[in-house]
Amino acid sequence: MSETITAAPGIETAAAGVRQMSMQQALNRALDEILAENPKTVIFGEDCGRLGGVFRITDGLQAKHGEDRVFDTPLAESGILGMSVGLAMAGFHPIPEVQFDGFAYPAINQIVCQIARMNYRSRGTLPMPITLRVPSFGGIRAPEHHGESLESLFAHVPGLKVVSPSTPHDAYHLLKYAATRPDPVIFMEPKSRYWQKGPVDLTNALPSTTTHDGDPSNGGSLTGARVAREGRHLTLVAWGAMVARCLQVAELAAEDGIDVEVLDLRWLKPIDAEALATSVGKTRRAVVVHEAPLTSGLGAEVAQLITQSCFATLKAPVERVTGFDVPYPSGDLEDEYIPNIDRILFGIQRVLEYRRG
Amino acid sequence: MAEISFPLPDLGEGLIEATVLEWLVEPGQQVERNQAIVELETTKSALELPSPQAGKVVRIHGAPGDTINVGEPLIVFEVPDDTAGIVGTVPKDEAPKRRVRLSAVLDED
Numbered sequence: 001m002s003e004t005i006t007a008a009p010g011i012e013t014a015a016a017g018v019r020q021m022s023m024q025q026a027l028n029r030a031l032d033e034i035l036a037e038n039p040k041t042v043i044f045g046e047d048c049g050r051l052g053g054v055f056r057i058t059d060g061l062q063a064k065h066g067e068d069r070v071f072d073t074p075l076a077e078s079g080i081l082g083m084s085v086g087l088a089m090a091g092f093h094p095i096p097e098v099q100f101d102g103f104a105y106p107a108i109n110q111i112v113c114q115i116a117r118m119n120y121r122s123r124g125t126l127p128m129p130i131t132l133r134v135p136s137f138g139g140i141r142a143p144e145h146h147g148e149s150l151e152s153l154f155a156h157v158p159g160l161k162v163v164s165p166s167t168p169h170d171a172y173h174l175l176k177y178a179a180t181r182p183d184p185v186i187f188m189e190p191k192s193r194y195w196q197k198g199p200v201d202l203t204n205a206l207p208s209t210t211t212h213d214g215d216p217s218n219g220g221s222l223t224g225a226r227v228a229r230e231g232r233h234l235t236l237v238a239w240g241a242m243v244a245r246c247l248q249v250a251e252l253a254a255e256d257g258i259d260v261e262v263l264d265l266r267w268l269k270p271i272d273a274e275a276l277a278t279s280v281g282k283t284r285r286a287v288v289v290h291e292a293p294l295t296s297g298l299g300a301e302v303a304q305l306i307t308q309s310c311f312a313t314l315k316a317p318v319e320r321v322t323g324f325d326v327p328y329p330s331g332d333l334e335d336e337y338i339p340n341i342d343r344i345l346f347g348i349q350r351v352l353e354y355r356r357g
Numbered sequence: 358m359a360e361i362s363f364p365l366p367d368l369g370e371g372l373i374e375a376t377v378l379e380w381l382v383e384p385g386q387q388v389e390r391n392q393a394i395v396e397l398e399t400t401k402s403a404l405e406l407p408s409p410q411a412g413k414v415v416r417i418h419g420a421p422g423d424t425i426n427v428g429e430p431l432i433v434f435e436v437p438d439d440t441a442g443i444v445g446t447v448p449k450d451e452a453p454k455r456r457v458r459l460s461a462v463l464d465e466d
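Protein chains in written order, with this note's numbering: chain P, 1 to 357; chain D, 358 to 466.
Quick caveat, the hints were computed from the structure, so don't treat them as lab data.
Accuracy of the hints is not assured; some may be wrong.
To be verified - The calculated DMTMM-like cross-link candidates involving lysine to aspartate or glutamate, where the alpha carbons are at most 25 Å apart (straight line), are:
1. D/K454 - P/D256
2. D/K413 - D/E389
3. P/K176 - P/D68
4. P/K197 - P/D32
5. P/K315 - P/E301
6. D/K413 - D/E379
7. P/K161 - P/D32
8. D/K454 - P/D342
9. P/K197 - D/E405
10. D/K413 - P/D47
11. D/K449 - P/E336
12. D/K449 - P/D335
13. P/K64 - P/D32
14. P/K197 - D/E451
15. P/K64 - P/E33
16. D/K449 - P/E251
Said to hold, decoys possible - Here are some of the chain P residues that sit facing chain D, going by a computed Cβ distance under 7 Å:
17. M118
18. N119
19. Y120
20. I140
21. A142
22. E144
23. H146
24. A253
25. D256
26. I258
For every residue, glycine included, the Cβ atom is placed at its ideal position computed from N, Cα and C.
Model the full structure from these sequences, guided by the hints.
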């Protein structure tokens, strides 16, 4: 399942099909291509049509593909997701957008009780090929309801798949992949990473890229985790916007002689347990980092999966560096809440210091 | 770059128009969110209108003494395409800063 990417300096990023794009541009391009490739695709949400979305992800799509395929909805998330259920029943492939993660709450009933269960309830006769795009997590100092980390909420619901890309390349390919799935996929876009550019290999879906040099490296699959950086001493497990921060931490740890591996989980349901076993089986130490609150966060699930596979060789209990058990703070207070470089380094130090007995 | 037009809002109690007293910004000027951009007078009061957003002023409508109806264009901003309409702030790519150093004796068994 897992995909190992080795940093390979010297590989030409200007290779055919590889171009620098922001995640915003990569997602826009993916949606454009999905609309062109599958006539059953419809895209809708608040401001998705004429405006092109508040984050410009659907920019230009209505003009190109028409008002009956890319359109605006009323400010009613339960309606957006309820309509998705009906469209999916009628054979369409809806890609609805919830404008901000905090606006998903009014639609939870439709997501949990309808979208996630319809295939099960109908004994497989009414699959829900819905890709729900949710601009997610914090990092843009937005007001309340505009920054949340809902991954464990969604991951807990049987019938849903949950994925979060951390690079423009993965955003492009994972969105195109998600849109072809027969099951509902919650696609969590790390909104603080919308604007950073990175290499996107449009022609090669399988390999992902490291953030170092964008090497389109060895093969793998879009369904598993991705080794974003190889290391020997400790594995940082992260997803979404925390991957970039963990890569920064890994560089700093290297200054102190600690060789950190960064595993980008990508899929949060199902989790790539094999990739966790492979990585931590090698490093024997793990810290999982997420923005969501600690209690019942996905870090607990990750820690258990690691313990299950690596208990005998673990040098220390799996450490968690997360947000706090408080409502997701708005504005500048975010800086005190989202795991920062020092808090992640402290987590690494706690693991390094651990002694049995 | 994208242009965003800001129409004269209802300044309270269903007033339908306002008169420009003095512009506090001019075309070409970069303004911050909540910066005072214009002094207006209504039949109720005179007030300074804060800017609804950051951006470069492209056009202003109405010279001092002119009356503008609610809903008519007041000021037009120019903002980068990728920030147009966003709630919140585009994060800056900053060099990582650290205070914590790692220390460990690693057994390489």
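Structure-based check of each hint:
1. The suggested pairing of D/K454 with P/D256 holds, with an alpha-carbon distance near 14 Å, which does not exceed 25 Å.
2. Only pairs whose Cα atoms come within 25 Å are accepted, and D/K413 paired with D/E389 is accepted, the gap being roughly 9 Å.
3. Using a Cα cut-off of 25 Å, the hinted pair P/K176 and P/D68 holds, with the two alpha carbons roughly 21 Å apart.
4. At roughly 19 Å between alpha-carbon atoms, P/K197 and P/D32 fall within 25 Å of each other, so this suggested pair holds.
5. Under the criterion of a C-alpha separation no larger than 25 Å, the hint pairing P/K315 with P/E301 is consistent with the structure, at around 19 Å.
6. Under the criterion of a C-alpha separation no larger than 25 Å, the hint pairing D/K413 with D/E379 is consistent with the structure, at around 19 Å.
7. At roughly 23 Å between alpha-carbon atoms, P/K161 and P/D32 fall within 25 Å of each other, so this suggested pair holds.
8. Only pairs whose Cα atoms come within 25 Å are accepted, and D/K454 paired with P/D342 is accepted, the gap being roughly 8 Å.
9. As the CA atoms of P/K197 and D/E405 are separated by approximately 40 Å, the hinted pair breaks the 25 Å bound.
10. At roughly 24 Å between alpha-carbon atoms, D/K413 and P/D47 fall within 25 Å of each other, so this suggested pair holds.
11. Distance check on the hinted pair: D/K449 and P/E336 sit about 17 Å apart at the alpha-carbon level, within 25 Å; holds.
12. Restraint check for D/K449 and P/D335: satisfied, since their Cα atoms lie roughly 13 Å apart, inside the 25 Å limit.
13. A threshold of 25 Å between alpha carbons decides the hint, and for P/K64 with P/D32 the separation of about 9 Å falls inside it, so the pair holds.
14. The suggested pairing of P/K197 with D/E451 holds, with an alpha-carbon distance near 14 Å, which does not exceed 25 Å.
15. A hinted pair counts as satisfied when its Cα atoms are at most 25 Å apart, and P/K64 with P/E33 qualifies at roughly 11 Å.
16. Proposed proximity of D/K449 and P/E251 is supported: the alpha carbons are some 19 Å apart, at most 25 Å.
17. The interface hint given for P/M118 is broken, as the beta carbon of that residue sits about 32 Å from the closest beta carbon of chain D, more than 7 Å.
18. Given hint, P/N119 at the interface with chain D, is violated; its Cβ is 34 Å from that chain's nearest Cβ, farther than 7 Å.
19. The closest approach between the C-beta of P/Y120 and any C-beta of chain D is roughly 36 Å, which is over the 7 Å cut-off, so the hint fails.
20. Interface restraint check for P/I140: the shortest CB-CB distance to chain D comes to about 4 Å, inside 7 Å, so the restraint holds.
21. Among the interface hints, the one on P/A142 holds; its C-beta lies about 3 Å from the nearest C-beta in chain D, closer than the 7 Å criterion.
22. The closest approach between the C-beta of P/E144 and any C-beta of chain D is roughly 11 Å, which is over the 7 Å cut-off, so the hint fails.
23. Contact between P/H146 and chain D, as hinted, is supported at the beta carbon level, the nearest pair being about 5 Å apart and thus within 7 Å.
24. This hint holds: P/A253 has a C-beta 6 Å from the nearest C-beta of chain D, less than the 7 Å allowed.
25. With a cut of 7 Å, the hint placing P/D256 at the interface with chain D holds, because the nearest CB-to-CB distance is about 4 Å.
26. Satisfaction of the interface hint for P/I258 is found here, the shortest Cβ-Cβ separation to chain D being roughly 5 Å, below the 7 Å cut-off.
Comparing the model with each earlier hint shows violations of hints 9, 17, 18, 19 and 22; every other hint is respected.
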